[in-house]
Amino acid sequence: MKIKALILAAVMLTAAAAAGCNKAPENSKPAETSAASPQASSDSSANESKTESSAESKTEDSKEESKESSAPAGTPVDASWFDDAVFVGDSVTLKLSYYAEGGDLGEAKFLCAGSLGYTNALWDIDAEDNVHPVYEGEKYTVDEGCKVINPKKIFVMLGMNDIGLYGVDEAADNMIKLTDKITANCPDAVLYIESVTPMVAGNSLGDLNNENIRAFDEKLKTICAEKGYKYLDVYSAVDDGNGNLVYEYCGDPPSDDNPDAMGLHFTDEGCKVWADYLKANVEA
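For the sequence shown, our numbering assigns the number 16 to the initial residue and increments by one for each residue that follows.
Everything labelled a hint here was simulated from the structure, so no lab data went into it. Any given hint might turn out to be false.
[Stated by the list, open to error] Pair ranges (Cβ atoms, derived):
#1 Asp203 to Gly152: 23 to 29 Å
#2 Glu233 to Asn165: 28 to 34 Å
#3 Ala295 to Lys242: 21 to 27 Å
Where a beta carbon is used, it is the ideal one built from N, C-alpha and C, also for glycine.
Construct the entire structure; sequences and hints are all you get.
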């Protein structure tokens with residue numbers, strides 16, 4: 016089945032992606048492996064070359080309409096504004112960490128790992144098949160890692176690996192549990208919750224699809240309003256105008272050669288748009 020094939024591919028690539036995020040460990044096969052696998056770790060040039068397949072002809076119409084971002088714009092902060100920030104995320108944010116090595120987000124730190132989600136981030140540090148991130152050679156739960164880094168700003172983008180496995184409601188419940196733990200360990204930090212980003216047109220992984228992603232993001236927005244967290248609608252920054260990920264921003268689009276590609280990870284071009292959105296929408 017397609018889902019099983021994707022899960023197997025995600026597991027096989029876990030070690031390669033994990034090495035790029037603060038020396039992340041080679042995770043063993045996680046029991047919860049889902050959509051946002053370390054496929055994002057592949058080189059951006061290799062990713063972009065995949066688009067030069069017959070898939071281009073099938074998606075030409077959507078590409079014509081791409082880059083119609085509805086993201087709001089403000090006065091951008093300097094990259095150094097992120098020097099005291101930490102980004103928490105799965106393999107989608109893992110790709111951003113590679114891009115950020117060029118300094119576009121200052122000296123921001125990253126706590127991310129392939130297959131990480133709001134749910135398995137709540138597991139004990141020694142839980143079997145855990146995928147907790149590694150910082151400076153040591154594995155931490157997200158909340159403990161944030162406590163060690165002691166940032167002034169914390170950006171969290173998780174949920175891609177929760178929606179298909181647990182559904183929108185349970186994923187949102189676990190988001191509340193994790194962010195409560197983060198704020199308890201870092202009471203003085205400002206918490207930014209980033210929306211889950213879309214998949215390319217026509218792509219889905221079971222219950223993980225753009226409709227459910229949008230439903231989950233709406234719950235995140237409501238929770239942020241109730242909790243006093245800052246909500247960042249990154250979805251809007253990479254929306255092609257029809258609710259899908261802009262084709263050129265996708266590092267793993269499905270093609271005739273790779274029909275089971277996930278269609279949700281980013282190219283460097285997509286990461287730049289993401290970083291520019293953050294700079295224009297955080298509060299300086």
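Against the structure, the hints:
The beta-carbon spacing between Asp203 and Gly152, approximately 26 Å, falls within the hinted interval of 23 to 29 Å. Checked against the hint of 28 to 34 Å, the C-beta distance between Glu233 and Asn165 comes to roughly 32 Å, which is consistent with it. For the pair Ala295 and Lys242, the supplied restraint of 21 to 27 Å holds, since their beta-carbon distance comes to about 23 Å.
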